[in-house]
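Engineer: Residue numbers (this note's numbering), protein chains in the order written: chain A, 0 to 111; chain B, 399 to 512.
Be aware that a few hints might be false.
Listed next, with one range per pair, are the computed distances between beta-carbon atoms [stated by the list, open to error]:
| # | chain 1 | residue 1 | chain 2 | residue 2 | range |
| --- | --- | --- | --- | --- | --- |
| 1 | A | 19 | B | 414 | 38 to 48 Å |
| 2 | A | 13 | B | 469 | 47 to 57 Å |
| 3 | A | 9 | B | 469 | 17 to 27 Å |
| 4 | A | 81 | B | 412 | 35 to 45 Å |
| 5 | B | 510 | A | 11 | 39 to 49 Å |
Reference listing, derived: stretches of chain B covered by chain A, where coverage requires no fewer than 3 residues with Cβ under 8 Å from a Cβ of chain A [as the list claims (entries may be wrong)]:
| # | stretch |
| --- | --- |
| 6 | 434–447 |
| 7 | 497–509 |
No lab work stands behind these hints, which were simulated from the structure alone. Being a predicted model, the structure only gives us computed values, none of them experimental. The beta-carbon is built from N, C-alpha and C at its ideal position, and this holds for glycine as well.
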Amino acid sequence: GNSVTQMEGPVTLSEEAFLTINCTYTATGYPSLFWYVQYPGEGLQLLLKATKADDKGSNKGFEATYRKETTSFHLEKGSVQVSDSAVYFCALSRTNAGKSTFGDGTTLTVKP
Amino acid sequence: DTGVSQDPRHKITKRGQNVTFRCDPISEHNRLYWYRQTLGQGPEFLTYFQNEAQLEKSRLLSDRFSAERPKGSFSTLEIQHTEQGDSAMYLCASSPTGREYEQYFGPGTRLTVT
Numbered sequence: 000g001n002s003v004t005q006m007e008g009p010v011t012l013s014e015e016a017f018l019t020i021n022c023t024y025t026a027t028g029y030p031s032l033f034w035y036v037q038y039p040g041e042g043l044q045l046l047l048k049a050t051k052a053d054d055k056g057s058n059k060g061f062e063a064t065y066r067k068e069t070t071s072f073h074l075e076k077g078s079v080q081v082s083d084s085a086v087y088f089c090a091l092s093r094t095n096a097g098k099s100t101f102g103d104g105t106t107l108t109v110k111p
Numbered sequence: 399d400t401g402v403s404q405d406p407r408h409k410i411t412k413r414g415q416n417v418t419f420r421c422d423p424i425s426e427h428n429r430l431y432w433y434r435q436t437l438g439q440g441p442e443f444l445t446y447f448q449n450e451a452q453l454e455k456s457r458l459l460s461d462r463f464s465a466e467r468p469k470g471s472f473s474t475l476e477i478q479h480t481e482q483g484d485s486a487m488y489l490c491a492s493s494p495t496g497r498e499y500e501q502y503f504g505p506g507t508r509l510t511v512t
């Protein structure tokens, strides 16, 4: 079956530090890959997506590249802010299947 | 576009009682999903609808769980004879036709079974 593995947290960084959150997946075929963010007290929000190999998803300074050869979709940001403190979830979905499979989430805390 | 809404936001119930949650998707979104999330884990898929048709149910959805979307708009998730293990956040999401992977989540209903 499909599965997603994220690096364990929590991750604590100082403001303006570089962020990487690792995500690897197992799936048959060619899934679409996503990063969701959950701010304290709020629902999940789609942060970025990539639907085929070598695609780069980007949004709000975050980036992730769909690497089929390493089955990875690592999230990166060059300079984090305190407002980026949240839980980040990596997920996959078979195109048009709809339902998503999520990782367990990585909690990011950014200190001023 | 007011987003996906869920009601209630919190529910505390005693073991053995029945509970029902409601989800209102973004209007004109034809797909609606239910997920369950426990502390420290990612959301787990329960079931989804395309319009009023329930197309898939997870093995997690025991016989005590039932979901409906009678007119293809709002949906309800009912849990009968609740157990303490049912305590979780129940999330609803919807997605538009042609972009089914683009799921918009509601704030969730937190269920506590005492």
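Engineer: Can the suggested window of 47 to 57 Å be confirmed for the beta-carbon pair residue 13 of chain A and residue 469 of chain B?
Structural biologist: Given range 47 to 57 Å: holds, Cβ gap about 52 Å.
Engineer: For residue 9 of chain A and residue 469 of chain B, compare the CB-CB distance with the range 17 to 27 Å and indicate the outcome.
Structural biologist: This hint is violated: roughly 43 Å between Cβ atoms.
Engineer: So the hint says 35 to 45 Å: do the beta-carbon atoms of residue 81 of chain A and residue 412 of chain B match that?
Structural biologist: Roughly 41 Å apart at Cβ, these two residues keep to the hinted range, so it holds.
Engineer: Check, residue by residue, whether the stretch 434–447 of chain B contains three or more positions whose beta-carbon lies closer than 8 Å to a beta-carbon of chain A, and give the verdict.
Structural biologist: holds (count 7)
Engineer: Taking the Cβ atom of residue 510 of chain B and the Cβ atom of residue 11 of chain A, is their distance within the range 39 to 49 Å?
Structural biologist: Violated, since residue 510 of chain B and residue 11 of chain A (Cβ atoms, about 30 Å apart) do not stay within the stated range.
Engineer: In this structure, is the beta-carbon distance linking residue 19 of chain A and residue 414 of chain B contained in 38 to 48 Å?
Structural biologist: holds, 47 Å
Engineer: Within the assertion that chain A covers the stretch 497–509 of chain B, do at least three residues meet a Cβ-to-Cβ distance smaller than 8 Å?
Structural biologist: holds (count 9)
When held up to the earlier numbered hints, the structure conflicts with 3, 5 and fits the remainder.
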